[in-house]
Amino acid sequence: MARTFRGGVHPPDGKAATAGLAPQRIAPEAALVISLRQSMGAASAPLVAVGQKVLRGEPIGKPSGFVSAALHAPTSGTVKKLTTMNDPVTGGKVQAIELEPDGEDRWHDACNQPRAWRDMAPEAVRQAVADAGLVGLGGATFPTHVKLTPPKGTAVDTVILNGAECEPYLTCDHRLMLASPGEILEGLDVFMRATGAPRGVVAVEDNKPDAWRALRDAAADLKHVEVLALPVKYPQGAEKQLIKAVTGREVPSGGLPADAGVVVQNVATAYAAWEALAWQRPLTERTLTITGDAVSRPGNFSVRLGTSVPSLLERAGLDAEAVGKVIAGGPMMGLALATIDTYTIKGLSGLLCLKSPEMFAHGPCIRCGNCVDACPAGLVPSTLSLLGEAYEDTQLDALDAAMESGLMDCIECGSCAYACPAGRRIVHYVRFLKAERRKQLARERERKSQQQAAVSK
Amino acid sequence: MTRLTVSSSPHIRQTDSTAKIMWSVVAALTPALVLSGYLFGWRALWVTGLSVLTAVVCEALAQRLRKTPVTIGDGSAVITGILVAFCMPATVHWYVPVFGSAAAILIAKQCFGGLGCNIWNPALVGRAIVHVSFAKDMNPSSYPVVHVEPSSSWLSDVLRHFTIDVTAAGDAAATAVDAITGPSPMAILKKGLASPDALVGSPAEQFTHVLRGQAPHLWDAFWGNIGGNIGEVSALLLLAGVVYLVVKGYVRWYSPALYLGTVAVLAAVLPLPLGPEGARWVWAAALRSGPDGMLYPLYHLVCGGLMLGALYMATDMVTSPLSPRGQMVFAVGCGVLTVLIRLYGGYPEGVCYSILLMNTAVPLIDRWTRPRVFGTGHKKPAPGASS
Ligand code: SF4
Ligand code: SF4
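From first to last, the protein sequence lines are chains V and D.
So that you can map any letter, position 221 of the first sequence is 221 in my numbering, and since no number is skipped, the others follow by simple counting.
So that you can map any letter, position 126 of the second sequence is 126 in my numbering, and since no number is skipped, the others follow by simple counting.
Chain D on its own, in the form it takes in the complex (with noise of 0.2 Å):
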């Protein structure tokens, strides 16, 4: 007889693996960069690229260091990688990505003792240190956009998309790439209303001239047709992507959900500075009175890195508390900071830091939101009192 196998109950388990849920997100993730692709030409791919290639290599190195088993199989570096690359804009310099990666991997992750173990989002803690250490990079005064004219087969359009070099823009020669967008919509948002000329008329009124004149259209915002971070100009695909996670179960709708609810419902209700260093307040719900007032709230959700972070981050299971209840308070939290940081902050982004401060809160929600330990804690009437 062969030998027998002998071990701890249980013997049997369920199909999933962490390489097999990490791998998923990765496939989630996929149409958003295939339309950056699209969007920004091969530059954006090749960030990517450079980005997933620096987080696996830096993956490997430190595991080696660390004298564990290397792992990069798994996917999660991958993962860390192309969100890493997601947060910046196509025309950033080859080194941001890679710099960007290597600290994401090097210092959120393997320092604190790899997959599991890390306190903060990796790909966050990437964001942030470039967002210092290469502001011009990272804050273009425009996001240039590769613009195609129609011939006769569409196919070949698409096609000449990604193969047009967005960093060109500006160059004579490029006529294919226009840089047609200024700021980020949240950034347009937030400069329009501080503007003097906002004291001007009625709060409505002048909130409509900020939609109209300067932001752009909210379906193009929704879909993807704006300039933007390479991974997050469209929110319809993350969101398909982040349906797929949901049917999987990687992801717990109520999540993403309460996060997003969070935000829309605040940024509707919140009273909002106008004019420079906040002259003016008045309610949110002031714009209501104009003809554009619920598209408000609604930019809010499309625009900017909120739906990147509300569905791809602030779901991270590693750095997100562990059971239902702690994670309703986690995505809570992050939509109030948010939301705070936009609408009061020095930044038009507050995703990025308020992820990270939740983060930073998940061993204490933990704590909070322990489960009942059977038998424990509420009292049953005692049998006699049944009935």
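With the rest of the complex left out, here is chain V (with noise of 0.2 Å):
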């Protein structure tokens, strides 16, 4: 079987400032602000009132329908306000928990204890899940529960732990997968019995050969259990793309990974799992890495949710006068911070902090061809890019053009605007695209409900 995918290119990896560095614990400060949106779908609603003693893995926030999820407090204080701050994903502002530590950092008295969770039955493993507040920390944090629920109709067969780490510069995992070989591949075991797939496979990229060995070492006597090396390459990490690497299946256009038989989950996200069930110790606290040429002190930390943006970037050694691009995440995929004024939050994996922004200058589309040898998605980027400029330029067919050209089969990998020579902002005109069609689905299911009001008066 070949074990790659179609496209993709080979940016510099960026890692070696950090790959060494193994995570600093960061100790609760003085205020820690958590945000109520941690996850993809809906934010969470707040369970504490002003003034409230919690302690730490206490549910500060429950979730809001079967897509969102569980918050818990990151350390035992007090809750100083319900207050906002700036969502490190969006930009926008998002409600969020004051809580001033009280310095003692007691686990409340349900967690932290050890469980034999191996005679749990796969529904109440899923609700622990669901009850640990986990989500996808690899970035998309999606629900963790809700991927290891697949739909009706789908069967499971394979878990693949996700350990490539193909955005650059980011460490945060190959530590952990350094660190923790064995409570990664108890994690694995959960979301096998979760799934009831039968076959689980932990990929690592072969430029982490360490992690690679001390995963297989620890992996040596599990029987359903593969630890395989795949060749570098961005972004061998996404999901669809990683499932066809080790699998060879093809998630169909619009499926689900399920709809193939995998689930997929994250590194870290099996850690977190492995804590959650065998310690009952909900998610409070994450690994991110720290880098870029606009840090002194790049490293890896890990902090509890909530922890201040520009305290950690100060104890990373910030360069505030030099920097011109902090990105929460990886460079390929990542967004850029208008503020540092913000909170970790469960999704936050990096923070990449860089001196001099890459320009793009988007010039005219030379029809090199680069963008369709690197979409891993088998799509024409240039098209794309060229029909988001049509669209912008109210040729309002464009957006018929671009649907019809795979738009929403996209996944947004920046592979393409990374090898366009002529710096184009492809990924910029798809995002555009894809927000234009779902207003357009939003004003057509408008329509439709005012007529059936309509009809029925």
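No lab work stands behind these hints, which were simulated from the structure alone.
Some hints here could point you the wrong way.
One-sided excerpt, in silico: chain D residues whose CB lies under 10 Å from chain V [unchecked claim]:
{"id": "1", "residue": "Thr163"}
{"id": "2", "residue": "His209"}
{"id": "3", "residue": "Arg370"}
Dumping the calculated BS3-like pairs for lysine-lysine here, alpha-carbon to alpha-carbon at most 30 Å [said to hold, decoys possible]:
{"id": "4", "chain 1": "D", "residue 1": "Lys67", "chain 2": "D", "residue 2": "Lys20"}
{"id": "5", "chain 1": "V", "residue 1": "Lys233", "chain 2": "V", "residue 2": "Lys223"}
{"id": "6", "chain 1": "V", "residue 1": "Lys448", "chain 2": "V", "residue 2": "Lys434"}
{"id": "7", "chain 1": "V", "residue 1": "Lys15", "chain 2": "V", "residue 2": "Lys439"}
{"id": "8", "chain 1": "V", "residue 1": "Lys152", "chain 2": "V", "residue 2": "Lys434"}
{"id": "9", "chain 1": "V", "residue 1": "Lys62", "chain 2": "V", "residue 2": "Lys80"}
{"id": "10", "chain 1": "D", "residue 1": "Lys20", "chain 2": "V", "residue 2": "Lys233"}
{"id": "11", "chain 1": "V", "residue 1": "Lys81", "chain 2": "V", "residue 2": "Lys93"}
{"id": "12", "chain 1": "D", "residue 1": "Lys191", "chain 2": "D", "residue 2": "Lys136"}
{"id": "13", "chain 1": "D", "residue 1": "Lys20", "chain 2": "V", "residue 2": "Lys15"}
{"id": "14", "chain 1": "D", "residue 1": "Lys248", "chain 2": "V", "residue 2": "Lys15"}
{"id": "15", "chain 1": "V", "residue 1": "Lys434", "chain 2": "V", "residue 2": "Lys93"}
{"id": "16", "chain 1": "V", "residue 1": "Lys355", "chain 2": "D", "residue 2": "Lys248"}
{"id": "17", "chain 1": "D", "residue 1": "Lys20", "chain 2": "V", "residue 2": "Lys355"}
{"id": "18", "chain 1": "V", "residue 1": "Lys93", "chain 2": "V", "residue 2": "Lys53"}
{"id": "19", "chain 1": "V", "residue 1": "Lys93", "chain 2": "V", "residue 2": "Lys439"}
{"id": "20", "chain 1": "V", "residue 1": "Lys53", "chain 2": "V", "residue 2": "Lys81"}
{"id": "21", "chain 1": "D", "residue 1": "Lys248", "chain 2": "V", "residue 2": "Lys233"}
Keep in mind the model is a prediction, meaning the values are calculated, not measured.
Glycine included, each C-beta is placed from N, C-alpha and C at the ideal position.
The task is to assemble the complex, starting from two chains supplied on their own in separate frames and drawing on the hints.
Encoded structure:
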């Protein structure tokens, strides 16, 4: 089986600065501000009142709906106020809870207790995962229990743990695989139990041979688990591409991984699942990489949710004068922050601080074909960017043409724009078109409901 | 804190740029240009310089008029200027390159919206236009080359090459210019095979006769020691330039390889008309029975505009298909058309029109050869069925 996928690029990985650095654990600080939007889907609803005392692991936000995640106090202390903060994902304002730590960092009584989880039924495992507030820690922040509940009619036979960490600069997953291979494999077992999948695979890119070896040794006695070293290529860690590389199957266009019989979870999520099941510790901490040429002390940091980003960056030695761009996540898919005045959330896998932002000149497309070669989704990115421009130019049928060209199949991996010599802002135009498409659908829905209302009158 | 830049991902890109690609092509064409200065004297450089200057000025002018940013620094107009000049003999009047380049930039490029929007390769359009407008200039009865009597110092010999005016051929005073060569080798082959003599004796003998009697030696034709257009004479240097571009990743090797390969194969196997108006047809394979039999397809490769066209015009990114499969179809199509025109058409040369024709077909080819969208089309076995 060819363990690869179509397209992709090889950006310089920038990992050397932090790959050798074990995470420093940062104690909870003066004040934690915990966003109520920590996952895809609906934000959680606050469960605490101002002045209330909470212990670590105590629920402070409850999921609103199925695609939503629970939220827990990252340390013990007092709820100072219900407030708002800058969302590091959308850039908008979100509701948040400000917590003043009491310095004791005491776990809630129901937490941090060993549990014989192997006897639990799949539903109970999924419920425990949901109760622990797990979301995809690779950055997608999709609620984990939702992914572990495949839609009716699909059967999952393989769980893949994503240890590719194909985003340049980020090394937090690498360090986790080195430090806790056994726990990660336990987490894989949790996922296999929850989905009933008989087979588990851990996929690592072969630029991390030490992590691969650690996992392989830890998995030596596990019959149903395979540890693979995949050739380095971005976006190896993209869900559909990883499934293709590992199993040879293609998730159908518009479908879910479950349609290919697979569930993919990040290695850090697996570690969190082990903590949740085996120790009843909800997700209150994560490791992230802080790096880039604008910090003098790059490294990996294990931080509680709600830790102030400016103080973290100061700890990493941010050159506040020189920094030109701060990216939440990696350089290929991460989000450029408008302000660093924010707090860590579950999905924040890295803070990349760059002095000079790369310039995308957005010259005319010279039809070199690099983007076509690079696109893992088999699209013609050049065409999509031209259609985006046309639509912006009020050529409204360009949106239909883009839909026909597979707009919705774009995974926004950025390979095309990375490879484009003309520096075209292809992903920007794809996002623009997708947003316009969503607006179009909303308009149509509204029109339909209005018509129905008119008919029923 | 300084203001943070906010922009869509990705936040890094590779180091190539449009300008870098274009200037690399200019660099790849430079050796051939220097050689033509040596072969044809300073006029070759002058014609090329004039052509480049016109192209750049026209580009800037048109962009001013269209109120778009002036991008003459990206080198694309320079390439067009060089290629237009490369398609003409060094002996042309000064207004021929000026007219050709102006037509290339203004009509073929800027009228369509500038870089990236043109359908046809601008240089080829320029060439086609001057070909019909200045037929005499473009098809001289002979191509003079500079000839210098060897002196004691090779360096001064080489330098003298560059100082001689090739248009002074026939001038009694200018003994350094030889009008030794007749028409271009492609024309010689075509004419020779179409002459009444071609019906005498076996095709192989006749072919040898044409080759030995009239055409230049293949090796001379390969490195450039023949009469011809400024940039077309040296297959060797053009190849060297393209190897550089392939290494840099700006030209995909299969594109020129398929074009040249198609020409060689078809020239080796297709039937040829012999004698006036194709009185007798023979399979090209019949030529092979003679001592020079294998040479026929090789002449097709190294002579005329094929190298310049296959290596630098059919590989023009803007006017060729986007996907690798499309580029392959395009290259093979160019090869087929070139041979058909050369063997059966009215012109000895078919490169220019075959590429222009294929340029026209690019949108169609792009449509046919669109990559398969991930997760569509071919079916993978269902999870249960896979082992
Ligand atoms: S961002 Fe979209 S169009 Fe660009 S390479 Fe990735 S999948 Fe293809
Ligand atoms: S990589 Fe850029 S210049 Fe090349 S075809 Fe794609 S969009 Fe056009």
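Comparing the hints with the structure gives:
no., hint, verdict
1, Thr163, "violated (39 Å)"
2, His209, "violated (47 Å)"
3, Arg370, "holds (6 Å)"
4, Lys67/D with Lys20/D, "holds (24 Å)"
5, Lys233/V with Lys223/V, "holds (28 Å)"
6, Lys448/V with Lys434/V, "holds (21 Å)"
7, Lys15/V with Lys439/V, "violated (39 Å)"
8, Lys152/V with Lys434/V, "holds (28 Å)"
9, Lys62/V with Lys80/V, "holds (19 Å)"
10, Lys20/D with Lys233/V, "holds (25 Å)"
11, Lys81/V with Lys93/V, "holds (16 Å)"
12, Lys191/D with Lys136/D, "holds (18 Å)"
13, Lys20/D with Lys15/V, "holds (28 Å)"
14, Lys248/D with Lys15/V, "holds (26 Å)"
15, Lys434/V with Lys93/V, "holds (22 Å)"
16, Lys355/V with Lys248/D, "holds (29 Å)"
17, Lys20/D with Lys355/V, "holds (24 Å)"
18, Lys93/V with Lys53/V, "holds (26 Å)"
19, Lys93/V with Lys439/V, "holds (21 Å)"
20, Lys53/V with Lys81/V, "holds (12 Å)"
21, Lys248/D with Lys233/V, "holds (20 Å)"
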